[in-house]
Each structure stands twice: as structure tokens, then as C-alpha cells.
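Chemist: Based on the sequences and whatever the hints tell you, model everything.
In the working numbering, the protein residues as written are 20 to 236.
Computed Cβ-Cβ distance ranges for the label pairs, DEER-style: (1) Glu160 / Gln228: 20 to 30 Å; (2) Ser53 / Asn130: 38 to 48 Å; (3) Ala102 / Ser26: 10 to 20 Å; (4) Thr216 / Arg87: 38 to 48 Å; (5) Arg226 / Ser53: 21 to 31 Å; (6) Ala165 / Phe86: 21 to 31 Å; (7) Gly105 / Pro67: 17 to 27 Å; (8) Glu160 / Arg87: 17 to 27 Å; (9) Ala59 / Asp201: 12 to 22 Å; (10) Ser53 / Val179: 28 to 38 Å; (11) Ser106 / Gly37: 28 to 38 Å; (12) Ser106 / Gly232: 37 to 47 Å; (13) Asn34 / Gly105: 41 to 51 Å; (14) Asn34 / Arg226: 10 to 20 Å.
Hints are computed from structural coordinates only; laboratory data are not their basis.
Since the structure is predicted, the reported quantities are computational estimates derived from the model, not experimental observations.
Think of the CB as a built atom: it goes at the ideal place given N, C-alpha and C, for glycine as much as any other residue.
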Amino acid sequence: MSVSAGSVTALLGRNGMGKTTTIRAIMGLLPQTSGAIRLAGQDITHLPSHRRARLGIGLVPEARQAFRSLTVKEHLEMAYRPAANGSPGWNTARLMDLFPVLRRRSGAMGNKLSGGEQQLLVIARALSTNPQLLLLDEPTEGLAPAVVQEVGDLVRRLLVEEDAPAVLLVEQNLRFALQVADRAVVLVKGDVAFDGTAAALAEDVERQQQLIGLGVG
20 MSVSAGSVTA LLGRNGMGKT TTIRAIMGLL PQTSGAIRLA GQDITHLPSH RRARLGIGLV
80 PEARQAFRSL TVKEHLEMAY RPAANGSPGW NTARLMDLFP VLRRRSGAMG NKLSGGEQQL
140 LVIARALSTN PQLLLLDEPT EGLAPAVVQE VGDLVRRLLV EEDAPAVLLV EQNLRFALQV
200 ADRAVVLVKG DVAFDGTAAA LAEDVERQQQ LIGLGVG
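Modeler: Structure representation (C-alpha cells):
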């Protein structure tokens, strides 16, 4: 499986099929038993998670992890790392432009944000590391429909940027995933059972139900 810069690949499947395990293995949080992981051509299979992060992998975990003792602005400043090419990349000012709600709440403590605001903050914090690969693990879980739409709009806005990262999205909300993604990969018991365009899978309700048990037609 490969993920390209400036595009979203949705990693889909029923519960227990290995989606979050794949994300955690890419990040170096779980050991691998086979295969290899390469980032921009570099083999990172045996590197610890902190080295992978420094090389350009950003993770938005399934459980929101905003810090109680930091303001919104401090979250972004603490995590910030210049882009690999030396440019400012996704600095705090640029992220505030992309996330207007975070600009309005820049002085608020992390634990005072709504669930939706916390999710946007965690995504912005991951972007502030200027990743080549952004891993999104269940970013819409527990969010109101309006906030789910906001997250989707944000991801699509991000992709038009010249320095947009590759995005790997794990998501149970099939409708959201197929609307946001360019490509879909479906896992069945850890193996790839489908690898094609999100549009093709969105149009094939029978295959959705066969592979995932859900349909969005």
C-alpha cells in the first residue's frame, strides 16, 4: 500500500480487521512481524516512533489528547517544527488561518474546548510538525454532524496547499471517508481486499456491504 502527497487514502474495514493496528505499526507504536515501511523512499521499519515523527509522520490518535495545562496557541507552538526544506511551513500563524475557530480560541485552555474544537486542535497540532505523512485515526468519532462536515472541509482545503502531506485516514463513518478520500483500501483480516478509487467504491453499494457491512448508496 502506498500513499501519495496531496491526497487522502481511506483505510476501511469492519471492526477488528487491522486498521488501527496498521496506523500504530506505521507510527512505530506496535512491532511488525513482516513487510517494510518506507517514508519518501527511506526504510524506517526498525526506527523508534520518535525518530519516525522527526522524519515526518504526524499522528492524530483515536482518543483526543489535548493538554489541560496549555492554551490553544501553546499547543501549536510547542509542537512546531520547521519544514524539511527549511521553510516555515505550517507555523502557528498559518494554522490559525486554516483553523479560524482556533484563532478565536487561541487563549483558551485545551480542556475548556468542545469535543469538536479539541479534535481540530489535535489535527492542527499534528500539522504543526510539518509532516510528510499525516495519520488520522477515527477523526470524526463522537462528533456532531456539523463538526464532521467541518473536519471534512478542512481536510479538503488542506489538500489544495502546495505542501500538503499525504493523508492516511482510518474511519468508521463510511460516507465521510468516501466523500473525503481520493483512494480507498479495504482490509479483511489484515489483508487488502480492495484497492481503488473512493469514487468507484462509493458507487458499488454491493461491494461496500460485502467488504465492510455498510452501504452509503
